[in-house]
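Chains A and B are the protein sequences, given in the same order. Numbering-wise (our numbering), the first sequence opens with residue 1 and increments by one. Numbering-wise (our numbering), the second sequence opens with residue 324 and increments by one.
Just so you know, the hints here were simulated from the structure itself, not pulled from any lab data. Keep in mind it's a predicted model, so treat the numbers as computed, not measured. Even for Gly, the Cβ is constructed at its ideal location relative to N, Cα and C. One or more of the hints may lead you astray.
[Stated by the list, open to error] Computed list of lysine-lysine pairs in DSS-like fashion (alpha-carbon distance at most 25 Å, straight line):
id, chain 1, residue 1, chain 2, residue 2
1, B, Lys-411, B, Lys-376
2, B, Lys-376, B, Lys-450
3, A, Lys-318, B, Lys-330
4, B, Lys-411, A, Lys-304
[Claimed, not checked] Every beta carbon over 12 Å from chain B, so not counted as near; a handful from chain A, in silico:
id, residue
5, Thr-19
6, Asp-20
7, Met-46
8, Ala-108
9, His-153
10, Leu-227
11, Thr-309
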Amino acid sequence: MTHEQTPLTIEDRLDRIATDLAYVAERQRRMEELVDEMMPIAKQAMGVAAERLAAMETQGYFRFGRAAMTVADRVVERYDQEELDAFAANVSTLLDTVRALTQPEVLALASEAGEVVQNRDRLEPLGVFGMVRAAGDQDVQRGMATMMELLRHVGRAADRMANSPRPASKATPAAPKAAPRTVARPAAEPAPVPAKRAIPGTGSSGKFAKPGASCKPTAPGAAAATLDGVGYTNDGFLSDPTQWTRELAEAMAATSGIQLEEARWKLIGFARQEWQETGVSPNIRRLTAGTGMATRDIYALFTKAPGKTIARLAGIPKPAGCI
Amino acid sequence: MDTPDRKIAIICSHGGLDEVYPALILANAARQSGIDCFVFFTFWGLDAITESKVDHLHVNMAGNPTSPLPTMIAGLPGMESVAASMMKRKMEELDLPGAREFIQILDDSGAELYACELAMKMFGRTKADLLPQVRDVITAGDFYDLADGAQIIFT
Chain A
1 MTHEQTPLTI EDRLDRIATD LAYVAERQRR MEELVDEMMP IAKQAMGVAA
51 ERLAAMETQG YFRFGRAAMT VADRVVERYD QEELDAFAAN VSTLLDTVRA
101 LTQPEVLALA SEAGEVVQNR DRLEPLGVFG MVRAAGDQDV QRGMATMMEL
151 LRHVGRAADR MANSPRPASK ATPAAPKAAP RTVARPAAEP APVPAKRAIP
201 GTGSSGKFAK PGASCKPTAP GAAAATLDGV GYTNDGFLSD PTQWTRELAE
251 AMAATSGIQL EEARWKLIGF ARQEWQETGV SPNIRRLTAG TGMATRDIYA
301 LFTKAPGKTI ARLAGIPKPA GCI
Chain B
324 MDTPDRKIAI ICSHGGLDEV YPALILANAA RQSGIDCFVF FTFWGLDAIT
374 ESKVDHLHVN MAGNPTSPLP TMIAGLPGME SVAASMMKRK MEELDLPGAR
424 EFIQILDDSG AELYACELAM KMFGRTKADL LPQVRDVITA GDFYDLADGA
474 QIIFT
């Protein structure tokens with residue numbers, strides 16, 4: 001019967017192992033329970049910390065923080081949308097940061113800060129000299145050293161991010177950032193091109209075949225119609241700005257029921273000059289800045305769509321900016 | 324020019340910098356295109372026309388699925404200020420006017436700005452708390468009457 005006993009023994013052993021496993025599992029479960037219990041507490045602690053910080057914010061105790069923020073601003077200045085997107089790629093690092101932030105020491109720091117708020121009656125508003133004086137305090141010095149070390153880390157991380165190669169995003173964004181206005185500058189002689197294209201029927205393609213160019217007013221549209229040798233786009237703008245004359249402007253104004261007097265000429269003259277100098281048809285904001293005239297007055301002079309009307313009468317392309 | 328009777332009514336119900344600007348830009352674009360424009364500020368949108376709030380509009384990145392920041396980070400205190408200051412800098416680069424100046428421009432360009440009466444009561448504000456460009460405090464029904472025949476945009 002020995003050969004029968006063996007499987008029994010094995011079964012017995014298996015039973016024991018199973019018991020052990022159950023025990024281990026039980027311990028594991030307790031650990032999980034503990035974690036489950038801890039989580040809400042940790043969350044609550046975070047909530048309290050956040051609340052206190054928010055309270056400090058509203059009480060204006062973060063003025064120094066704001067100053068520090070400008071430093072942080074400088075750090076983040078080298079970031080643009082692409083770099084921010086890169087942040088997303090580093091979620092795990094950021095999550096590590098969050099975990100570090102929820103450590104008991106950090107929470108203790110937050111509660112310490114909370115005490116400061118509770119004893120705020122004793123605090124006086126601090127001016128520049130007050131800050132200098134406070135800088136002599138050892139505790140403040142230690143705090144500042146901590147902040148500086150923190151900033152150093154932030155700066156280093158920022159450097160790493162700025163220098164890390166990223167596919168196809170770094171090379172391009174620098175240019176439009178540097179000169180948003182001049183990017184749209186067309187070649188010195190943009191006019192003859194559309195003039196030669198002034199064939200009936202091409203108007204629509206000229207108007208719609210420029211995806212993504214909506215905020216870069218540049219070249220005039222193609223002519224949809226020609227009247228007395230002058231080409232017009234299908235929304236009434238000159239297709240060739242060099243064909244513009246004062247008389248033409250007056251004639252165009254007359255058909256729109258507008259009498260061109262000094263103030264209106266000033267706007268038209270400025271718009272034309274601006275376009276000749278920058279290649280961009282000015283929007284109303286640019287018109288107010290350039291002529292010193294108030295928005296209200298410009299709207300009073302050209303009641304319907306002043307920016308477009310002025311550009312039309314100035315013989316320049318339709319302004320395309322959103323503002 | 325050839326848009327004699329077009330009207331746009333914009334309802335601005337959120338007060339974040341990124342939530343207010345679309346309304347302001349749409350309103351301004353309407354006026355620039357010769358379209359009559361009415362803007363109704365309600366709920367948090369009231370902040371855009373409240374004297375003490377208009378210069379401190381924030382950007383909330385938390386809970387924004389398209390935000391490049393994880394929500395846990397975006398929810399940290401002060402993040403909305405950081406995000407707002409970054410966005411403001413970008414806006415300056417693009418020569419966008421600030422919210423206060425934008426409201427002024429809208430009023431100058433003939434857009435009509437109104438505040439929601441109910442939201443004003445809820446938030447305990449009076450007409451005196453609002454920017455002077457706000458024409459009146461009206462009810463939603465009044466707004467519909469004013470914007471009769473308008474296309475309505477809710478932001």
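Do the hints match the structure? See the list:
Simply put, Lys-411 (chain B) and Lys-376 (chain B) have alpha-carbon atoms about 15 Å apart, close enough for the 25 Å limit, and the pair holds. With a C-alpha separation of about 14 Å, the suggested pairing of Lys-376 (chain B) with Lys-450 (chain B) holds against the 25 Å cut-off. Distance check on the hinted pair: Lys-318 (chain A) and Lys-330 (chain B) sit about 22 Å apart at the alpha-carbon level, within 25 Å; holds. A threshold of 25 Å between alpha carbons decides the hint, and for Lys-411 (chain B) with Lys-304 (chain A) the separation of about 30 Å lies outside it, so the pair is violated.
Every CB of chain B is more than 12 Å from the CB of Thr-19 (chain A) (nearest about 41 Å), matching its label as outside the interface. Taking the minimum C-beta to C-beta distance to chain B, about 39 Å, the non-interface status of Asp-20 (chain A) holds against the 12 Å cut. For Met-46 (chain A), the requirement that its beta carbon stay farther than 12 Å from each beta carbon of chain B is not met, with the minimum near 9 Å. At the 12 Å boundary, the C-beta of Ala-108 (chain A) stays outside the reach of chain B, the nearest C-beta of that chain being 17 Å off.
At roughly 15 Å from the closest C-beta of chain B, the C-beta of His-153 (chain A) stays outside 12 Å, upholding its exclusion from the interface. At roughly 17 Å, the least C-beta separation between Leu-227 (chain A) and chain B is larger than 12 Å, which holds for a residue marked as non-interface. Distance check for Thr-309 (chain A) against chain B: the nearest CB is about 7 Å away, which does not clear 12 Å, and the non-interface claim fails.
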